[in-house]
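Those protein sequences? They're chains E and H, same order as listed. Numbers given in the working numbering equal positions in the first sequence, counted from 1, plus 270. Numbers given in the working numbering equal positions in the second sequence, counted from 1, plus 7.
If you're looking for bench data, these hints aren't it; they were derived computationally from the structure. Check each hint, because a few of them may be wrong.
Unchecked claim - Stretch by stretch, here's where chain H covers chain E in the computed footprint (C-beta under 8 Å, at least three residues):
hint, region
1, 311–321
2, 334–348
Stated by the list, open to error - Among chain E residues calculated to face chain H with C-beta under 10 Å, some are:
hint, residue
3, Ala-329
4, Cys-330
5, Tyr-394
6, Pro-401
7, Leu-402
8, Asp-403
9, Thr-408
10, Val-411
11, Ser-431
What the hints assert, rightly or not - Computed, partial: chain H to chain E, Cβ under 7 Å:
hint, residue
12, Thr-12
13, Leu-22
14, Tyr-26
Using N, Cα and C, we set each Cβ at its ideal position, and we do this for glycine too.
Each chain, letter by letter, is given below.
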Amino acid sequence: MPDLIQRQGALDRFAAAPRNIPAAALSVLPDSARLSFRGRPSAIDAAGAAFGVALPRDACRFAVKRGRTAFWLGPDEWLLQSEGEDPATLFADMSGKLAGQSCSLVDVSHRSQAFALSGPQAAYVLNHGCPLDLSLATFPVGMCTRTIYAKATIMLSRPASDIFHIDAWRSFAPYVWQLLDEARSELA
Amino acid sequence: MLLITCPHCGPRAELEFAYAGEAHIARPTDPMALDDESWARFLYHRANPKGLHAERWRHLHGCAQFFNVVRDTVSDSIVTTYPAGQPRPALPGDDKGATR
Ligand SMILES: [Zn+2]
């Protein structure tokens, strides 16, 4: 009965008609397959080869190649994200290639919802609920990290100087979205 | 708010971290060989110093790793941080440094 089970986007009711505030625009990002990879040093190169993107060894950095992104989350932990791909296919392919390695691979595609905050005032709006120094010197393009927004854990990344991607667990996504929407009200 | 330098991620706000008690307390390798007194000492007895204290913290809302911190319990200032598994560093005015 798969046609009876429909997964709804966690932000559907907000994202349909977001307020038009170009200084800090909110938009939902396309669905992605997401795998959580944790492994011994010996398995890291194999995981990069299987995924097609070498896993970054530098702390708090992500690497992108052909729609696939590898986010460093910890010295033995990466989030592997593939835009628009079927999670089951990616998982089967990766787990086959990693057979025999000392690692864990978990499909967390449905765990979180990602959205973008973009515009010249994006960093200013983010700092309403996140104390990170978001200047380009300390949070450059290509950086990612888990952190806290207000009371929710998020993964924050910066693909361009005025674009931030926020990945929040599904049940926290409306909370983070609404707080950011409130924070940017003064720019409307 | 304290600014704590994670050995992996660099300086971050205290709210990303969780405190995890005194550092450098090794679990006895053979608990069955211990008498009650020694087991109680491992479980409950802590240094509770006035001054420099080596303690474990976890970068819970970050890289999720445990690491060690030397903090002055009088001023609440953090003197240094270092990765888990490394000995307590030698520091001026710290008679326990680099000994355990
Ligand atoms: Zn960290």
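Results for each hint:
1. 311–321: violated (count 0)
2. 334–348: holds (count 4)
3. Ala-329: Given a least distance of 5 Å, the restraint on Ala-329(E) holds.
4. Cys-330: 6 Å, holds
5. Tyr-394: 18 Å, violated
6. Pro-401: 4 Å, holds
7. Leu-402: 8 Å, holds
8. Asp-403: 8 Å, holds
9. Thr-408: 8 Å, holds
10. Val-411: 17 Å, violated
11. Ser-431: Hint violated; Ser-431(E) Cβ to chain H Cβ min 20 Å, cut 10 Å.
12. Thr-12: Status violated, d = 12 Å.
13. Leu-22: 6 Å, holds
14. Tyr-26: Because about 16 Å separates Tyr-26(H) from the closest Cβ in chain E, which is outside the 7 Å limit, the hint is violated.
Of the numbered hints listed earlier, those contradicted by the structure are 1, 5, 10, 11, 12 and 14.
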